[in-house]
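J.: Given next are the chains, with one letter for each unit.
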Amino acid sequence: MNNKLLKAIQTIEKRFGVEEHIFRDEYSLIVSPGDVVEICRLLRDGFGFDMLSSLTAVDYWPEGDPRFHVIYQLYSIENNINLRLRAPVSDDNPAIPTIEGIYPNANWHEREIWDMFGIKAEGHSDLRRILTPYDWEGHPLRKDYPLGYEEVQFTFNADEIDAKKPYVKE
Amino acid sequence: MVQLQEVTLDELKHLVSDRAIQGETMLLNMGPQHPSTHGVLRLMLELEGETIINCVPDIGFLHTGVEKNMEAKRYEQAEVMTDRLDYLNTVGNNLAYCLAIEKLVGLDVPPRAQVIRVILAELQRIGSHLIWLGTQSLDLAAMSMFLYCFRERELILDILELVSGQRMMTTYIRPGGVWRDIPEEFYDAVQQFMAMFPARIKQYHGLLTKNPLFIDRTKGIGVISAEDAVAWGLTGPSLRGSGVALDNRKTQPYTGYEEYDFEIPTRTAGDVYARYECRMDEFWQSLRIIEQGLKKLRELDGAPVRSSNRKFVPPPRSELGASMEALIHHFKLWTEGFDAPAEYVYMPVSSPRGELGVYLEGNGSNKPHRVHWRTPSFVHLQALPVLSKGLLVADLVAIIGSIDIVLGDSDR
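Keeping their order, the protein sequence lines are chains Y and P. Be aware that the first sequence starts at 1, since it is given in our numbering, and climbs by one per residue. Be aware that the second sequence starts at 1, since it is given in our numbering, and climbs by one per residue.
No lab work stands behind these hints: they were computed from the structure. Please note that the accuracy of each hint is not assured.
The calculated DSSO-like cross-link candidates involving lysine-lysine, where the alpha carbons are at most 30 Å apart (straight line), are [said to hold, decoys possible]:
1. Y:Lys143 - P:Lys73
2. P:Lys367 - P:Lys219
3. P:Lys73 - Y:Lys164
4. P:Lys68 - P:Lys367
5. P:Lys389 - Y:Lys164
6. P:Lys367 - Y:Lys4
7. Y:Lys120 - P:Lys219
8. P:Lys73 - Y:Lys165
9. P:Lys250 - P:Lys103
Put together the whole structure using the sequences plus the hints.
T.: Dropping the structure here:
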């Protein structure tokens, strides 16, 4: 393991008490959502993690507790190391603090997880839907959101299915 | 009956300045049907005269729910959707997805397949850069460039058709290798392209590089410093134009890129022209890689192109009649697919646009639990307001071209 990465992980473990997960040489730290801003700032300023590669979320509905994990993929150009943070977020009014102030490109990523998972980024400057239309209902990437398909209309049930379709009828 | 609701714009007021609300500056929609936005991108511009005070990108017109759909498909089935994300980098998307699967399940890839992957990915990089060059020059009124670039790209598409049967949506790279071995004509086709293309690059340079009109439109336009570029997450040529030599092929080599001898071209100016120069230099580097790849490929003639791990890769047709095991594996793989562990990986690769990252999470079943695409176009578009502030609308056209976006890539 890279020395710099080891040092970064040890520092964070000492200060914040996090859990570590290693798979195929990829290091993930499971952190509390409240600490995310502090940890990101520490990693950026102290350990050279200057780029937020990716920010996304996962839904573990129905059995997962807490239901969501928000995933921060950080990269240090100088030291060429990757580190992933995972912040578990519960189903009850899910929210994370925004890290827009540290990595400006978190802006759209946080909009995306609001749009797709309904996880609010608190303190975000412009929290609107980004990929779906502004009047969309629901959060599509949640596991309890149906995939959706068009029901096939046959002669015997054409009217019945037509009645359920969302376009304006006469 | 659907209720039509009245919508207020109050919640959008924070996007523009107070002066816009008082009517001192003008709000103008550019797109979603505008030829220079390279697809369905809408930009809301706040203008004072012709100067851009603010630019608010609005994306999602091409959102197809690929990530959601992939969760409902088996690992192998989901691959066809990856082509449709960034439709100029189809091989690269397949590659990223297959590498992520291979990392997740721990599957080996034979050397010959790796070389084929590299050659095709680099051909695709040239093809994608040709589209960029053609459309960027078209936006800057160099119409003939567009025709020349598409003429050359056609040859690359022919090569892709030769190996996979499809011009664009190839799905040729598969978990554990590639679909089938390349045909014998492949060598000739690639060599012909290699022999022809250097002269064409010089022709492009002759048309653009010292062209005063082109220089006027690109030099000093859309400048971004290295620190800002990193903070906004720019990658690929858009970052290298600002002087940061970051490329996943060098920093975190995959599919055997560490064995190839090539350079990462950079420029320090950070403007549209610098990004142009970086991409033009990448043509040469890609040609270098392909040349080395062809040599390696000749040495590996007759070697397998797919892993022999039968738990993930179906056996060849010829074995089915002779081996009971093969028949069972074939049946299992085509009815159930393979299972992946309940773990997660992040696989970044270098697409022509920048870092294309696949976050793949399994749950022990034969379908992915979550696939997330970290796409360069999505991240680059976000920096558009920073790049274009204070410039003219005509400059915005040049900047959009220079960050090389594909809307299928950003909207997913």
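J.: To test your reading of the hints: which numbers does this structure violate?
T.: Of the numbered hints, 2, 5, 6 and 7 do not hold.
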